[in-house]
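The chain contents come next:
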Amino acid sequence: MKIYDDFFKIIKDAVESDTSNQFSKGLGSPIYGRTNEQFKAILNRIEDKEIASEMKMFSEGLGRPVNYNQQLGLHPSFAHLKKTDNVEEHYIVSVFIDIKGSTNLFKKFNKETNFLITNAIIKAGIHTALIFGGYVHRLQGDGMFLYFGDKNTEQKKAVELALQMVSVYTHFVKNDLKEYLLSQGIENIGVRTGIDLGKKEDVLWGNSGIGEISEVTTCSLHRSLASKMQSSAITNGVVVGQFIKDEIEDDEYFSSVTSRTGSENDRYIYRINDRNFYYTQYDFKWEKFLKKQNFIATDLYGNPTIKIPSSIKPMIGLKSIATVNKPYFNDKKNKAGKGY
Amino acid sequence: MPLLINPISMIKKTKLEKDIDSFCEIYPSFKYYKNYKKKFCYVIGDLDVCDLEANFYNTFRVKIFLNKDKYPYSVPIVQEISKYIDRIDDNHLDEDGICCLDIEHNLEKNSKKGIHLTSFYREKVYPFFVNFIFKQDTGNYANGEYEHFFDGVVQYYKEELEIEDLQTITKIIYSVASNTIPNRNEMCLCGSSLKIKNCHLTKIIPLKSLSKERLISDLINFEKIVNTNHSAHFTTNKQKPTPTL
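So the sequences go chain by chain: A and B.
Be aware that the first sequence starts at 0, since it is given in numbering that gives the first Met the number 0, and climbs by one per residue.
Be aware that the second sequence starts at 0, since it is given in numbering that gives the first Met the number 0, and climbs by one per residue.
Quick caveat, the hints were computed from the structure, so don't treat them as lab data.
Ideal Cβ positions, reconstructed from N, Cα and C, are used throughout, including at glycine.
Wrong hints could be hidden among the right ones.
[Claimed, not checked] In silico contact screen, one side only, chain B against chain A (beta carbon under 8 Å); selected entries:
#1 26
#2 47
#3 50
#4 100
#5 101
#6 103
#7 121
#8 130
#9 132
#10 133
#11 140
#12 143
#13 144
#14 147
#15 151
[Claimed, not checked] Computed Cβ-Cβ distance ranges for the label pairs, DEER-style:
#16 60(B) to 207(A): 50 to 56 Å
#17 139(B) to 34(A): 50 to 56 Å
#18 56(A) to 150(B): 41 to 47 Å
#19 300(A) to 139(B): 22 to 28 Å
#20 85(B) to 287(A): 31 to 37 Å
Based on the provided sequences and hints, a complete structural model is requested.
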């Protein structure tokens, strides 16, 4: 997807300037390590307070302002709870995304290159989350813990935004990123995601920790289940809880995890037999969902493409497809032929 | 306890339905309508024009009719229902938005081999709309166009056979329709001094894929332009031309 082009350039520059690529130039070539300045230049290609240009155009097309004024562990709707003993009930969508297989990068690249690559992947995730109105609650190594929803957003809308975000991001990792890393001999890089919705009565917001060693966070079964469901997902898969599915009218995007694994034990992610509470987990068919979003176009081969508003239309890119067609006109034939 | 089986689930899907399922899986904006008790079913959806560099240009709402009985051996009918394209001859669609994707001869040849929905969409439908956007911007179709009505048929034969002379084309059409194409070692119909195997045979053979009705109809229409009377061989059997002029 074009919106990730700038992140992709960072990854490519990191790989190309890695010493392992210089070895491949031949024994006779001198090996130059990446200088500290070069490292910083690649790292800071995308500024913290400015999203990448293509992504910015996409974001403007969605018509949603991006809120950069965020801090980890401090959701703006609940920031007033910081360093207090107050608590509040409010719904929240919890999203856990884990980059899987990133240790494989160490087989090929040095630690600086790995840092640049994983950082670009995480930055791409953060910017995608911001575009879709998400809040980054915590970064954990190769993982991200995001919240969707706030006091100005309907619960249903928050679920939709979370699903859109993970669909766009997973598509990037599964296609653009994987293809490039495979060309570099790196296999099995992907993301696994778990999502769940905690309803108002099930979620308690409050300050957890002491003094500065604290965060405004949620206490909720469904936050824990989101994390647990992330580990139920296959590579580049997304597993969601029953409450997420209930918010989306179309059942066609979900299939029971048990239908994938064949094991009845995988049907429920959580159960309390005494209370007759059985909570089902579902594989989310994010590719199908993605293709049906208004901001997505489906190309000739059925691949999703972001509809980026742009006045520049390079016709040269259409020519190879257009050349296949040579139209004719015979109105009388059509009149005679209408039997439908 | 007897096993309960839903009789609907027992109904085996037809080749057409399987192809539609697979098409809608790849292009989920399309939805299938059975159109009960009608000859044609159809799919309706959004066709997004994108190039191979992932640039998006425009979206058209499209309806594709498929013959339930003859699929895949029939030509699907494509209608542009977003009304984005003006209904004028130069845009190659009629007042109802029915699109002339290609000359009928090519479509007929394809239908004999079988036209499968997904490949039809990729090879005929999608390029038609991409070409419209291309022409809108550049003023020309990327690969030219067939002239309208019978002039386009004449152009088709000229290009397929690489022969300009209409009398020779007429002679060739007659030989194909009457199944009297010379043997490989006989002289070519074009009047050159070459054996047909070294001249136009490879251009002529594909015309055998056209229906006899179409060949005779074309022959009759050609003979309104050139002074030959090959068609008499067929019209004595009361063959009438199709209304292409």
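Original post:
Which numbered conditions among the earlier hints are violated in the structure presented, ordered from lowest to highest?
Top reply: The structure breaks none of the hints.
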